[in-house]
Amino acid sequence: MLNTNQWFRSSFLEYRTIITLLYLAGIAITSVSCSEGNGKGKKNAEVLEVPVFTLSPKSIEVPQTYVCDLQAIQFVEVRSKVEGFVENIYVDEGQSVKKGQPLFQLSSAEYNELVNSAQAKLMQAKAEEKSASLEVERLKVLVDKKIYSQSELELAQSKKEMAQSAILEAQSMLKNAQVGLSYTTVKAPFDGIVDRIPYKTGSLVKSGDLLTNITDISEIFAYYRITENEYLEFMRGELDKESDDEQMNQQVTETLQKEQEEISLIMSDGVVYPYKGKLETMEADFEQGTGSIALRVRFPNPDQLIKHGASGKVQMKSMLNDVYLIPQKSTFEIQEYNYVYLVDSENKVNVRSFQPLGRHGLFYIAQDFSPQDKVVLEGIQLLKDDVTVKPNPVGEEEIYKSLDISL
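Going by my numbering, the sequence shown opens with residue 1, and the numbers climb by one from there.
What the hints contain is simulated information worked out from the structure, not anything from laboratory work. A few of these clues could be false.
Claimed, not checked - Computed spacing ranges between beta-carbons, pair by pair: (1) V76 - P371: 19 to 29 Å; (2) P102 - R359: 49 to 59 Å; (3) P57 - E346: 22 to 32 Å; (4) G100 - R138: 45 to 55 Å; (5) E280 - N112: 44 to 54 Å; (6) N116 - G208: 19 to 29 Å.
We treat Cβ as the ideally placed atom computed from N, Cα and C, and that holds for glycine.
Generate the whole structure from the sequences, applying the supplied hints.
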């Protein structure tokens with residue numbers, strides 16, 4: 001058995017051995033870290049080579065889309081003008097009809113009686129007028145023979161005139177009765193398509209009740225709205241600022257006629273409509289709530305694909321001058337702000353924010369730059385502000401090869 005001194009001596013030797021091993025391990029780790037640190041310092045000392053392109057202002061034609069409402073060139077509510085029961089329905093919902101074609105037949109017995117009564121009154125008035133005329137002729141002979149006085153003849157002539165006015169009144173009553181009878185047969189006001197028919201055979205309809213709608217969709221109107229700024233930009237390019245009101249209106253019309261360029265329509269399912277439209281006119285006033293004004297485009301609809309009340313988007317082309325095209329891959333976004341790296345004259349990169357006007361393909365459209373600004377094309381994730389780089393110029397042909405623009 002070890003005594004106390006021997007045990008203490010043995011424990012001390014073991015503790016010193018452990019301390020020595022830990023010290024040697026620390027030296028080894030420090031040596032490795034220093035070695036790796038020197039290697040990293042050498043790597044950071046190397047200048048990074050990045051592709052760079054030089055900006056220059058461009059003029060581009062950018063498509064712009066606007067949500068639109070599609071309406072038939074004619075949309076008419078067919079309402080009953082008289083009260084009666086629906087006796088016959090000659091058409092079906094969705095059926096094409098011609099102008100003047102019968103659509104509905106309302107009960108007409110009452111109006112037939114009114115016509116008969118008016119005809120009888122007219123015949124009576126004509127008979128009375130004939131009798132008065134004969135009386136006048138008879139009295140003329142007797143007056144000439146001095147048998148009757150002139151006053152008797154004048155009285156007979158007055159009765160004849162009253163009979164003639166009665167004929168006119170009876171004719172008017174007959175015409176009104178015939179018009180009322182004609183209202184019992186409801187006809188198509190123009191060529192079109194029958195909409196929903198809410199009343200069925202046997203239903204009682206009153207004057208003013210909606211029987212159906214007739215739509216003419218041989219052509220379609222597309223209404224869309226633009227802002228006041230877009231309107232001013234559109235008009236300033238064409239109008240003389242010093243024109244008076246009459247000349248202004250004439251120039252507006254001429255401008256719209258000049259803008260008869262083909263406008264595309266994008267359907268609600270995203271498919272482009274095969275026929276092109278033309279801008280026709282615009283509203284006279286701005287809408288107070290939104291500050292926008294509506295324009296109208298006419299589209300042909302020979303296949304009747306578009307129905308009244310449909311929705312879509314019109315697509316127009318707008319010319320933008322002196323703008324800069326920034327590839328999206330050259331940008332990054334932080335909290336809704338867009339940034340790029342610019343290379344200065346000392347080959348140092350500096351971050352720069354910009355506000356894009358819109359997009360054109362894989363490019364941002366911007367105006368917040370200057371000619372000859374050098375933008376880093378790729379590798380922006382390896383950069384940070386105020387770092388020196390080695391720029392590798394890239395030509396415009398390579399940058400904008402996907403776009404149809406003049407360089």
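Whether the CB-CB distance between G100 and R138 falls inside 45 to 55 Å: At roughly 50 Å between Cβ atoms, R138 and G100 fall inside 45 to 55 Å, so the hint holds.
Given the hint of 22 to 32 Å, check if P57 and E346 actually sit that far apart at their C-beta atoms. holds, 25 Å
Just tell me: holds or violated, for the beta carbon distance of V76 and P371 against 19 to 29 Å? violated, 59 Å
Within 44 to 54 Å: is that where the Cβ-Cβ distance between E280 and N112 falls? Given range 44 to 54 Å: holds, Cβ gap about 47 Å.
For the hint 19 to 29 Å, verify it against the beta carbon of N116 and that of G208. holds, 27 Å
Taking the CB of P102 and the CB of R359, does the distance hold inside 49 to 59 Å? At 56 Å between Cβs, range holds.
The structure shown violates just one earlier hint, number 1.
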